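Student: This is what each chain is made of:
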Amino acid sequence: EADIYQTPRYLVIGTGKKITLECSQTMGHDKMYWYQQDPGMELHLIHYSYGVNSTEKGDLSSESTVSRIRTEHFPLTLESARPSHTSQYLCASSPPGGVNTEAFFGQGTRLTVV
Amino acid sequence: AQKITQTQPGMFVQEKEAVTLDCTYDTSDQSYGLFWYKQPSSGEMIFLIYQGSYDEQNATEGRYSLNFQKARKSANLVISASQLGDSAMYFCAMREDTGTALIFGKGTTLSVSS
Numbered sequence: 001e002a003d004i005y006q007t008p009r010y011l012v013i014g015t016g017k018k019i020t021l022e023c024s025q026t027m028g029h030d031k032m033y034w035y036q037q038d039p040g041m042e043l044h045l046i047h048y049s050y051g052v053n054s055t056e057k058g059d060l061s062s063e064s065t066v067s068r069i070r071t072e073h074f075p076l077t078l079e080s081a082r083p084s085h086t087s088q089y090l091c092a093s094s095p096p097g098g099v100n101t102e103a104f105f106g107q108g109t110r111l112t113v114v
Numbered sequence: 115a116q117k118i119t120q121t122q123p124g125m126f127v128q129e130k131e132a133v134t135l136d137c138t139y140d141t142s143d144q145s146y147g148l149f150w151y152k153q154p155s156s157g158e159m160i161f162l163i164y165q166g167s168y169d170e171q172n173a174t175e176g177r178y179s180l181n182f183q184k185a186r187k188s189a190n191l192v193i194s195a196s197q198l199g200d201s202a203m204y205f206c207a208m209r210e211d212t213g214t215a216l217i218f219g220k221g222t223t224l225s226v227s228s
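Going down the list, the sequences are from chains U and R. Per our numbering, the very first residue in the first sequence carries number 1; after that it's consecutive. Per our numbering, the very first residue in the second sequence carries number 115; after that it's consecutive.
Hint data in this document are derived by calculation from the structure and do not stem from the laboratory. This structure is a prediction, so every number in the text was calculated from the model and none was measured. It is possible that part of the hints are untrue.
Unchecked claim - EDC-like, lysine to aspartate or glutamate: derived pairs with alpha carbons at most 16 Å apart:
#	chain 1	residue 1	chain 2	residue 2
1	R	220	R	140
2	R	220	U	42
3	R	187	R	129
4	R	220	U	72
5	R	117	U	59
6	R	130	R	211
7	R	117	R	129
8	R	117	U	72
9	R	117	R	143
10	R	184	R	200
11	U	31	U	63
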């Protein structure tokens with residue numbers, strides 16, 4: 001069973017607030033990812049990290065930022081939330097390896113900005 | 115161009131019947147991996163099955179099998195003996211040799227009725 005945790009599971013917040021979505025994994029994986037998913041739609045990669053102090057933007061442009069100070073922790077921050085940020089955010093990690101390595105996902109954070 | 119194409123937005127099947135969910139992919143890499151994930155309404159992503167580009171045998175995992183046709187660039191998921199609990203969204207994904215993260219298709223919603 002994968003050990004990757006996201007908090008909070010649900011968040012309703014007002015426009016203009018700063019928010020941080022937490023993601024932690026206990027598997028020691030170097031590679032971590034953030035995906036954004038609108039309801040019933042595909043997953044879009046917004047950020048990824050190869051390890052500590054490494055962060056890269058994904059295919060979908062996002063106003064969010066990430067940090068990777070510790071291997072196990074990969075938080076995502078929105079400085080000023082807007083209704084267009086309403087979505088589900090999924091965190092994932094992968095062990096070392098090639099094309100055959102699966103991604104382990106957290107349970108997701110459903111964000112609603114009102 | 116879409117790297118992963120799932121052309122069936124929704125599929126309906128009766129309990130105990132088999133169902134095939136279609137997936138085609140596009141890559142110029144020789145080495146790549148293909149994955150299927152299940153996403154129930156609760157939102158988490160559950161890994162189902164993996165097929166490597168060099169695997170000669172079709173992958174199988176319990177009631178799940180992958181019909182891999184490399185020349186046609188298709189990797190269809192076959193679920194045998196459908197159960198009510200199989201009702202969910204199903205995503206096909208690919209990891210390329212030259213990439214780092216999984217690339218997802220738009221998904222197929224499967225509804226199983228009794």
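Student: Take the hints in turn and mark each one as holding or not.
Tutor: Now the hints, each set against the structure:
Proximity of residue 220 of chain R to residue 140 of chain R is assessed by CA-CA distance (about 14 Å); at most 16 Å being required, the pair is judged to hold. Annotation: proposed proximity of residue 220 of chain R to residue 42 of chain U holds, straight-line Cα distance about 4 Å (limit 16 Å). Among the hinted pairs, residue 187 of chain R with residue 129 of chain R is inconsistent with the structure: their alpha-carbon atoms are about 29 Å apart, more than 16 Å. For the suggested pair residue 220 of chain R and residue 72 of chain U, the alpha carbons sit about 29 Å apart, so the restraint of at most 16 Å is broken.
The straight-line distance between the Cα atoms of residue 117 of chain R and residue 59 of chain U is roughly 12 Å, inside the 16 Å bound, and the hint therefore holds. The straight-line distance between the Cα atoms of residue 130 of chain R and residue 211 of chain R is roughly 37 Å, outside the 16 Å bound, and the hint therefore fails. Simply put, residue 117 of chain R and residue 129 of chain R have alpha-carbon atoms about 32 Å apart, too far for the 16 Å limit, and the pair is violated. About 30 Å separates the Cα atoms of residue 117 of chain R and residue 72 of chain U, which puts this hinted pair outside 16 Å; it is violated.
Straight-line distance between C-alpha atoms of residue 117 of chain R and residue 143 of chain R comes to about 12 Å, which keeps the hinted pair within the 16 Å bound. Restraint check: the Cα-Cα separation between residue 184 of chain R and residue 200 of chain R comes to about 27 Å, which exceeds 16 Å; the hinted pair is violated. Distance check on the hinted pair: residue 31 of chain U and residue 63 of chain U sit about 21 Å apart at the alpha-carbon level, beyond 16 Å; violated.
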